[in-house]
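For the sequence shown, the numbering used here begins at 99 and goes up steadily by one.
Worth flagging that the hints you see were computed from the coordinates, not collected in a lab. Yeah, the Cβ is synthetic: ideal placement off N, Cα and C, and Gly gets one too. Do not rely on the hints blindly, as some may be mistaken.
Have a look at the derived ranges for each label pair, beta carbon to beta carbon [stated by the list, open to error]:
#1 261 <-> 432: 35 to 41 Å
#2 334 <-> 358: 50 to 56 Å
#3 417 <-> 132: 51 to 57 Å
#4 418 <-> 131: 29 to 35 Å
#5 356 <-> 215: 53 to 59 Å
#6 216 <-> 131: 37 to 43 Å
#7 299 <-> 417: 38 to 44 Å
#8 360 <-> 158: 36 to 42 Å
#9 215 <-> 299: 52 to 58 Å
#10 174 <-> 358: 24 to 30 Å
#11 417 <-> 178: 52 to 58 Å
#12 330 <-> 426: 18 to 24 Å
List time: in silico DMTMM-like cross-link candidates among lysine to aspartate or glutamate, alpha-carbon distance up to 25 Å [unchecked claim]:
#13 463 <-> 192
#14 486 <-> 435
#15 171 <-> 130
#16 434 <-> 192
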Amino acid sequence: MKSRKIALTLGALASISAGVASAQGVLSYSKDGANVQLYGDIDYYLSYMTSSSGSKLIALQDGAYLRTRLGVKGSKEIGNGYSATFNLEQGLNETNGAQADLSRLFDRQLWAGFATPAGEFRFGRQNTAIFYRGGYNDFTGRTLGSVINTFGTPSRYDSDIAWISPRWAGLLAELHYSIQGSQPQHSTNQAVYQAALDYEMGPFRVGYAGIAGKPPAGSVVDKTVVYNSFYGNFDYGMGKVYLLYVRSNNQSTTPATPATAGTLNNGGNPLGTTGLLVTGTDVGANTYYNIYQVSADYKITPTVRVGALYGQIKDDSGGGKNADGWAFGAYWDVTKELMIYGLGNSLSNDPNAGFRPSGSAGLTKTFTLPADVNGQTIRMGAIGAVFKF
Numbered sequence: 099m100k101s102r103k104i105a106l107t108l109g110a111l112a113s114i115s116a117g118v119a120s121a122q123g124v125l126s127y128s129k130d131g132a133n134v135q136l137y138g139d140i141d142y143y144l145s146y147m148t149s150s151s152g153s154k155l156i157a158l159q160d161g162a163y164l165r166t167r168l169g170v171k172g173s174k175e176i177g178n179g180y181s182a183t184f185n186l187e188q189g190l191n192e193t194n195g196a197q198a199d200l201s202r203l204f205d206r207q208l209w210a211g212f213a214t215p216a217g218e219f220r221f222g223r224q225n226t227a228i229f230y231r232g233g234y235n236d237f238t239g240r241t242l243g244s245v246i247n248t249f250g251t252p253s254r255y256d257s258d259i260a261w262i263s264p265r266w267a268g269l270l271a272e273l274h275y276s277i278q279g280s281q282p283q284h285s286t287n288q289a290v291y292q293a294a295l296d297y298e299m300g301p302f303r304v305g306y307a308g309i310a311g312k313p314p315a316g317s318v319v320d321k322t323v324v325y326n327s328f329y330g331n332f333d334y335g336m337g338k339v340y341l342l343y344v345r346s347n348n349q350s351t352t353p354a355t356p357a358t359a360g361t362l363n364n365g366g367n368p369l370g371t372t373g374l375l376v377t378g379t380d381v382g383a384n385t386y387y388n389i390y391q392v393s394a395d396y397k398i399t400p401t402v403r404v405g406a407l408y409g410q411i412k413d414d415s416g417g418g419k420n421a422d423g424w425a426f427g428a429y430w431d432v433t434k435e436l437m438i439y440g441l442g443n444s445l446s447n448d449p450n451a452g453f454r455p456s457g458s459a460g461l462t463k464t465f466t467l468p469a470d471v472n473g474q475t476i477r478m479g480a481i482g483a484v485f486k487f
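With the hints as extra help, turn the sequences into a complete structure.
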């Protein structure tokens, strides 16, 4: 039944796109102040990964730069500066044709709202302020190669109420409150709070984006899980310089594959990155990390950009779960719709750390045994392409 519903939905989207394409030559349709657009991308890449344990892995992967997706978004003008808005977005894995999240049809976004002179109000499952500011973090857009991306980024939550301000004198503000964990007659609803500020002045940009997830009252691990990100950019004309600092306790162990093989020292998140709430049982929330990263890019031509970064993950509890890494890469915009990219990156774990590379999508195939991850240096080369429509 579920597969049939998905097939019917995607079939309907295909029908819409076919009709739109014949009407306008693009995947959008506008009439009487209403606009609907079908969009998406396919991101394939070939990776070669090695561990200092001696293990090697060659794989075709999904989503180094942009998770493969299919979405529909639109708006309808109401008048006097007001409009109704919506967005539905489904993540996909083109290496096997599967949904990114088998439990959801629109796993990435499904929200509706209103745009007003005082800002936009949204209601539903939507991206976090931290997530969509990835382009301000480093030359990769906080994707494959980014040290901060290996830590895990809180990306989206259900039942989220959001307000995004207009940009006033260079300043934009944003607030979110998710009530997905609300329970009747309960002293806490495991709420997830977000706040963000972004300021632009000429070639400079500085900003903050933070999130906090509350555990149930009386939890064994009664710690609010936080992720606070501070960034700064300087556009020097031919490229940008990026500075980033994050403080967070949203990191924990994760089971190996197979589970009988043991535990990876990192990779879990007490506040799930795609919607799981803080349970109050994960002792990883007791450990706080400081993450530092510096990055820069340079435009060789208007369509070719190169960049590099270096970052450190510091466990300030004294547990020794530290790591550092570097990356370099190049991106070629062949056309407006097609980008080809190549990346090289290295991630070195201290003996008690177990971080692994990650892209816009989690790696379809990666090292899963403690012997290949914990305390190891993992290096990767990747070449791929993104087609956007």
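Provide an ascending list of the numbers of those earlier hints which the structure does not satisfy.
-> Numbers 4, 6, 8, 9, 10, in rising order.
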